[in-house]
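S.K.: Spelled out, the chains give:
Number of protein chains: 2
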Amino acid sequence: MSLFSLVQTKKYCGERLEICRDEVVREFPVTVFVNDEELATLVCTPDSLEELAAGFLYGEGILSGPGDLKNIKVNHQDGLVWVETATPVPAAGNFLKRYITTCCGKGRASFYFVNDARGIKPLETEGFKITLENIRSLMAALEARAGLFRSTGGAHGAALCSPEGIIAFYEDVGRHNAVDKVAGHCFLKGIPLSDKAVALTGRVSSEILIKAARMGVPMIISRSAPTDLALQLAGELGVTVAGFVRGNRVNLYTHPERVITHGCD
Amino acid sequence: MSLFSLVQTKKYCGERLEICRDEVVREFPVTVFVNDEELATLVCTPDSLEELAAGFLYGEGILSGPGDLKNIKVNHQDGLVWVETATPVPAAGNFLKRYITTCCGKGRASFYFVNDARGIKPLETEGFKITLENIRSLMAALEARAGLFRSTGGAHGAALCSPEGIIAFYEDVGRHNAVDKVAGHCFLKGIPLSDKAVALTGRVSSEILIKAARMGVPMIISRSAPTDLALQLAGELGVTVAGFVRGNRVNLYTHPERVITHGCD
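Each protein sequence line maps, in turn, to chains A and B. The numbering of the first sequence is our numbering, which starts it at 891 and goes up by one. The numbering of the second sequence is our numbering, which starts it at 891 and goes up by one.
Simulated from the structure, these hints should not be mistaken for laboratory data.
Pairs count within a copy or across copies, as identical chains cannot be separated in the list.
Capping the alpha-carbon separation at 20 Å, the derived lysine to aspartate or glutamate pairs in EDC-like fashion look like this:
#1 960 / 940
#2 900 / 1147
#3 901 / 1023
#4 901 / 1147
#5 1019 / 905
#6 963 / 940
Computed from a predicted model, the values in this text were never measured in an experiment.
Please build the complete structure, drawing on both the sequences and the hints.
M.R.: Have a look at this one:
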């Protein structure tokens, strides 16, 4: 299934008009069923739907380890994913309540943190090391692979990385979906993550931070800005955040002890 | 309440290190109660919470006209908004179900459209006119006002516009929230919208398109890309979409008959 549509476009540049068929990113609804119960519809780029569904369910705590997944079946044409779990999961109604409120609903930042970040073990700050040059190279590699963004301007890229290079790369019209696809890839392949980073083109919001911390990834590398909530969580959960990685610029916000700077500082 | 936090940052540019306190966009959870029942928690930029709540509830179909709103009360400190409606609304449980699935859940684009776009009357394509120069000026004005984006790189701007200029402008860490604040402003002030446009810095997804069409706004002007689903809906619902409005570039995707091009074509 194509990841973009061709759409007739009138392009004006100053007084000049060019009429062309332009590549526009697809936005495709995919419904996820868990044990034959409809759980959620995700609007996404229609590829890697196994990874998307697994990563989404992992991020939501419905799948917590490889043993939880019995079977996953995708109908790409109609945008349907059926997931069978090894043991029963809470009813969709409970999930939905949790999902929409994102928190226990007291509307205070601390509760928001506690609920979504609960059960996430702070990461060891020893072990994983990366150089500034690695960080810049990974972002350059991510940008080089972001073909859907280049052709449509409407997609986010995310990658699982070792310090030396990209291990898996996904693009999606949704920033969260791109990271969910990475998480799903790791979940389905059983990839150890304590020595990996997630690189992404989009912003680092609290939700992205929580996804990465739940995966056990010690570092997030982004081309874009972080939010204050994401950085607060990153500090508490032991995640290194590098933002605004563009050209030779790198901003380190949290846990810079993992980054080897060869005496720059 | 400040819209950004100051965060200690190690900024590397090549080999050079600068340690500074950087402005990072705030991400603040706000819980909306309707008739004392908790409905949803939105993670947002903590300003214009009346507008945000009203726009969100309007977009979700819980408020459909000015007569539906009896009272709205905000506790800015704790991020709580209480909305009282003139007549009872469906239980939050039903709302949540609708919200999370975004559709009747058959996972097909047509169902997705039908459900979320249902009840939206296609707009008259006569009446509202705008020039290419107006479109460029509105985007320039929007960019000039996007102070939170300039200082943090982590916010989206959205504005209600006449062809001649910006009427109301909002920024938010969430793309949807920025548009919800514009919608809430119009809802609370009872502003007629058939001769207005919504301009935004972010992408035009189907959800943004549906919000605008539900408001009755005949045109969306964006600095960024549209999705194919948004354009399909825009075509059906009579909304003019201009995308990639940058400098002297304007891409017209749907219903270009509203745009006066002074014989460029």
